[in-house]
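> The chain contents come next:
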Amino acid sequence: MKRPGILALAILLGTTGEILAGGISGQNELRYARRGTGDILKPAGNWGYFENDLEIDATHEAFRLHLRQRFLHPSEFGVEQSGFRAIDKKYLEYRGDYLTIRGGDFYRNWGRGLIMGMTEVREINYDTGLQGVLVEGAYEDFEGAIFRGGEIDTSGVAQESAEGLNLGYRLPFGLRLGTSILHFDEGPRHTAFDRRGYEVNYPFDFGQAYVVYVADSFDPVGGRFSHGFYSALELYGTGWGAVIDYKNYRLPPYFTPALQYPPPVQPEVTFNVFDRYPHTPYYDNEVGLQTDINLALPFDWSVKINYDQVSRQNVLTMLPSYRDYLGPYWSLWSKAERSLPGGDRYAVLAGYKEQTSFWHRYGGGAHYEHRWMHDIAFTTEFQHLWNVMLHEVFQGQDPSGNWLYGDRQFRDALVSFSVSKPRLGTITFLCERSGDIYDISGVRLNSEANRKFWGADGYWPSAELAITAVENHQLRLFYGYERGGIRCSGGLCRNVNPLKGVKVTLTSQF
Amino acid sequence: MPLRRFIIALFTTALAGTAAFAADKAPDFSLKDVDGKTHKLSKLLKEGPILLDFWATWCKPCLEELPMIEKIEQAYRKDGLRVVAVSVDNTKSRSKVKPLIKAEGWDNFLVLLDETMEVRRLFGGTTMPFTALIAPSGEILYSHVGYVPGDEKKLEAAVAAYFGKEPSVTEPAGESTPSAADE
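Protein chains in written order, with this note's numbering: chain A, 3 to 512; chain B, 13 to 195.
Heads up, none of these hints are tricks.
In silico DSS-like links for lysine-lysine, alpha-carbon gap of 25 Å or less:
| # | chain 1 | residue 1 | chain 2 | residue 2 |
| --- | --- | --- | --- | --- |
| 1 | B | K58 | B | K37 |
| 2 | B | K90 | B | K55 |
| 3 | B | K52 | B | K90 |
| 4 | A | K92 | B | K52 |
| 5 | A | K423 | B | K83 |
| 6 | B | K44 | A | K92 |
| 7 | B | K83 | B | K72 |
| 8 | B | K177 | B | K37 |
| 9 | B | K72 | A | K337 |
| 10 | A | K306 | B | K72 |
| 11 | A | K505 | B | K72 |
| 12 | A | K306 | B | K83 |
| 13 | B | K83 | A | K337 |
| 14 | B | K58 | B | K44 |
Read the hints as simulated data drawn from the structure, not as lab findings.
Next comes chain B alone, as it looks inside the complex (with noise of 0.2 Å):
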C-alpha cells in the first residue's frame, strides 16, 4: 500500500510540473522594505530588471551567495540591473536585517521584508536561497533554489545573456559559458 501511495503522489508530482507552463511571468506583490515604505514589483520592474534573492540572516547557504549575487550587481548596475533582496526572516531575527546589510555593504540592495513567507511561496515552495532574474516585461528569464558553489556562474550566465555581454564576474578567462537558453 504504501508503495502504492507513493506511486500516485510520484504521478502527482509529475502532474504538478505540467502546470509549469504558466509559471514564466512572475506574480506581482507588494511588500514593505526594512524602513516601512511599501515597494510593488511592477513598478520596480518599470526601471529594469530585478534580480530577485529571497534570504534570511540565518541561512547559511544564503550568506554564502549574497557576496556573490553583490559582485554581479556590481558588474551589470550601469546596464540596469537592480537587486531586490527579500529577507524572510521572522519576528525573532527581523532586527538583524538591517544591520547586517549595512555591515556587509550591500547597500545598493532593495531589501523587502517577508515575514511569513507568503510572497516566497507565490514563487514556488518556501526553500532558501531562492533567485529570479524578471525582466521587465514580468517574465522569468531564470531561476534556482538553493546554492551550492558555482551557482553564481549560472546566474551571471543568465544576467550577461540578457544584457548581450559576455560574463565578466564569474568566468575565469577562456572558460566556455552556459547559456541561459540551458536553463
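Chain A with its partners taken away, still in its complex shape (with noise of 0.2 Å):
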C-alpha cells in the first residue's frame, strides 16, 4: 500500500505545535462522493472522487510556514495524487515591518489582475499561481514587489516561468501611481514577451477613480494592438452605490487559464441556472461596458441592478457595438429584495441577456426565508430560465431520433427548500430541470446517456443534511443527482462532471 503522506504530515505538525509558539491554524476539508450502480453513465467509467485537503498555518514570530498536502484519489476533476508528492503548496515567508520575503508559492494581483492575477477556485480547480521566490516591501508613500517564479497548471504540467517588477507611489493628496515590468518566459502557450503595465488610482470625497493599461512585446498576428485596457469608476452616497467598469482588449489569445489573462471584469449577476450560460470573453478582441448600481430604499427595501455590453472591434473603437458582424452581447439584471427586522427576507430577481440575432435568454427567481420562532429558519428558492435560439448554426436529431434545423427553445428550472436550526444543521431539497440538450460548448449531446444527465426532459433531484452541532467541525452528506455542466465559483467558471450517487464533506477548521 502506498503509504498516505497525510497521515506522516498531521503527526509532524501535531508535534511542532509545542515548538512553534506562536500558533497553529488551519482546515482539513474530506470529501468522498460514490457513483450510484445501475446508472447509464459507463462510458465514463467507474467515476467517483476521494479528496483530503489539510491546510496549515504555523507561526512563530515573524516567520510563517505553510503547507498544503492535497490528497487525490482521484480528485474531482480526475487527478491522482498521493504520498509526499500530494504536498503541492508549500512556502516559507519573513514579515518585517517594511519588508515581506517569500520562497515558494504565491498568488498576487498587480493591476486588478489585467497586468497579472493569480488565483486559485478550488471547487472548479483552477488554478494560476507561481512557485519562486517574491519580496515586497512598503514605506511611507512608496511600495514595491519583485518576483521570479514558475507557473504549475491545473493539469500539473509546468507552463512558463515569469518575472516581474512593481512600483507604486502616493502623491500627498491621494493618486496612487504604479508601473510593472515583467517578463514571461517561453511556455506551450507562447513564445518569450515582455509587459508593461501603467495604473492610476484616484480616490475623492464620492468616489474613485482606477485606469490600468498593459502593452505586450508579443503578437502573433501581426501588425496589431497587443494591449490591454481596464477602468472603474465608483461612486457612492448615503444609501447608494454604483460602479462603471470599462474594458478594451486586444492582447494575444490564450485558450486555456493563464496568469497574463485574469479577466477583470465583473461577474453578471449570482444565479445557479444562468450562471450555466455565461458569456465567454474574448481577450484577444473585445470592448465592453458594464453597469452596476445598488441601492437602498425605504421600507427595508434594497435594489441592484446590472447592465451589461460587450462586443468585439474591427478597428480600435471605444465603445462596443450592437452590429451582428461583431458579435454583440447584452444582458440586463435586477434584483429587488426586502429584509424584515424580525428577520423575514424575500426577493425577487429578473433579468435578460441577448445575443444579437443568435439567442435570448429571459429568466427570473424568487427568495423566500421565513424565521420561526426566533430561530428555525424556512427558505426555498426558486430559478425560471427560458432560452430562445434563433438561427441556429447546429442541426441534428431531436431525442425522438427527428432532425433538427433552425430555432430552438429550451427551459432551465429550479426550486429548492431548506430548514435550518443554529447549532444543529441545515437540510435542503432541491431539484433542477432542463430541457437543454446542448452542453455548454456548443457540441452535441443527444446520446442516451447525455439525455439522461444534460439533456431533454432531465431532472436532478438531491437531498443534502449539513450538520453543524460541533462548533467548527462541518459534516455534509448529499444524496441525489447532481447535475453535470458548467459550474461558477466568484465569477470563474469551467464544466465538471454530473453524479448521482452519495458525497460526503467533513470540514474542520482549527
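Taking the hints as your guide, dock the two standalone chains into a single complex.
Next comes the structure, spelled out in C-alpha cells:
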C-alpha cells in the first residue's frame, strides 16, 4: 500500500505545535463521492472521487510556514495525487515591518489582475499560482514588489516562468501611480515576451477612479495592437453606490487559464441556472461596458441593477457595438430584496440576456425566508430560465430521432427548500430541471447517456444534510443527482461531471 | 481500499484537530483597505476588541449576515467594538465592494481586501463567511464558519459576554441566552 503522506504530515504538525509558540491554524476537508450503481453514465467509467485537503499555517514571531497536502484518489476532476508528492503548496515567509520575503508558492494580482493575475479556485480546479521567490516592501508612500517563479497549471504540467517588478507611489492628495515590468519566458502557450503595465488610482469624496493599461511585446498576428485597458469608476453616496467598468482588450489569444489573462470584469449575477450560460470573453478582441448599481430604499427594500454590454471591434473603437458581425452581447439584471427586522426576507430577481440574432434568454427567480420561533429558518428558492435560440447553427437529431434545424427553445428551472437551525444544521431539498440538449461548449449531446444527465426533460433531485452541531466542524451528506455542466465560483466557471450517488464532506477548521 | 483510506483520512482529521490548542491566538496580518491604506491587526487591536468578518459581494450568506453584524456593531460601538470586514472579492468583483458598502450604509466597518484569500487561510480554510471576535490581547474569543439565520444570536452572546452585558439586539426579551463559554 502506498502510505499516504497525510498521516505523517498530521503527526509532524501535531507535534511541532508545541515547538512553535506562535500558533497553528488550518483546515482539513475530506470529500468523498460514490457514484450510484446501475446508472447510465457507464462510458465515464467507475467515476467517483476521494479527496482530503489538509492545510496548515504555523507562525513563530516574524516567520510563517504554510503547507498544504491534497490527497487525491482521484480528485473530482480525475487527478491522482498521493504520498508526499501531494504536498503541493508550501511557502516560508518572513514578515518584517517594511519588508516581506517569501520562498515557495504565492498568488498576487497586479493591476486588478490585468497586468498579472494569480488565483486558485479549488471548487473548479482553477490555479494560476507561481512557485518561486517574492519580495515585497512598503515605506511611507512608496511600495514595491519583485518576483521570479514558475507556473504549474491545473493539470500539474509546468507552464512558462515569469519575473516581474512592480512599483507604486502615493502622492499627497491621494493619487496613486504604479508601474510594472514583466517578462514571461517561452512556454507551451506562447513565445517569450515582455509586458509593461501602468496604473492610476484616484480616490475622491464620493468615489474613486482606477485605470490600468498593459502593452505586450508579443504579437502572434502581426501588425496589430497588443494591449489591454481596464478602468473602474466607483461612485457612492448615502444609500446608493454604483460602479462603471470599462474594458478594451486586444491581447494575444490564449486558450487555457493563464496568469497573463485574468478577467478583470465583474460577474453579472449570482444565479444558478443563468450561470450555466455565461458570456465568454474574447481577450484578443473585446470592448465592453458594465454598470452595477446598489440602492437602499425605504421600508427595508434594496435594489441591485446590472447592465453589461460587450462586442468585438474591427478597428480600435471606444464603445461596444450592436452590429451583428461584431458578435454583440448584452444583459440587464435587477434584484429587489426586502429584509424585515424580524429576520424574514424575500427577494425577486429578473433578467434578460441577448446575443443579437443568435439567442435570447429570459429568466427570473424568487427567494423567501421565514423565521420561526426566532430561531428556525425556512427558506425556499425558485429560479427559471427560458432560452430562445434563433438561426440555429447546429443541426442534428432530437431525442425522438427527428432532425432539427433552425430555431430551438428550452427551459431550465431550479427549486429548493431548506430548513436550518443554528447549533444543529440544515437540510436542503433541491430539484433542477432542464430541457437543454446541448453542452455549454456547443457539442451536440443526444446520446442516451447524455440525455439522461444533461438532456431533454432531465431532472436532478437531491437532498443534503449539513450538520454543524460542533463549532467549526461541519459534516455534509448529499444524496441524489447533481447536474453536470458549467459550475461557477467567484465569477470563474468550468465544466464538471454529473453525479448520481452519495457525497460526504467533512470540514474541520482549527 | 477506499474504505481504508477513508478511515486514515478521518484519523488525520482528528489528529489535525488536536492542533486546535494553538489556535486561540489570532495570527497577525497586514491588509490594504479599499482606499489603498495598509492596516495591521495588532495595531487595530490596541484600540479595542475586533469583530472580524470575512465576506464577498458574491457570497449570499455573507450578505445576509452583514446586516446582523451591523446591528451588533451599532449596539456595542460605544463599548469599543469595531468591525473589520475583510472582503475576499477577486479582481472580477473587487470594484463592487465599496459601492455596496456605501449603499448598505455600513460606513462604520473598516473594509479590507484579501484578494488571494491568504489571510482568510490563516484563520483556517476558505469557507465564507467566517466571523471571529478577537480580544485586544489577540485571543480569539469566538469564531464561526458559515451563516444560517439565527447564528447572529450566538455572535451577540459572545460580544455581550465580553462586555459583561445581556444580549439586547438579537435576543427577544425573556428568552435564555447561550453562554459564550459554550462555544
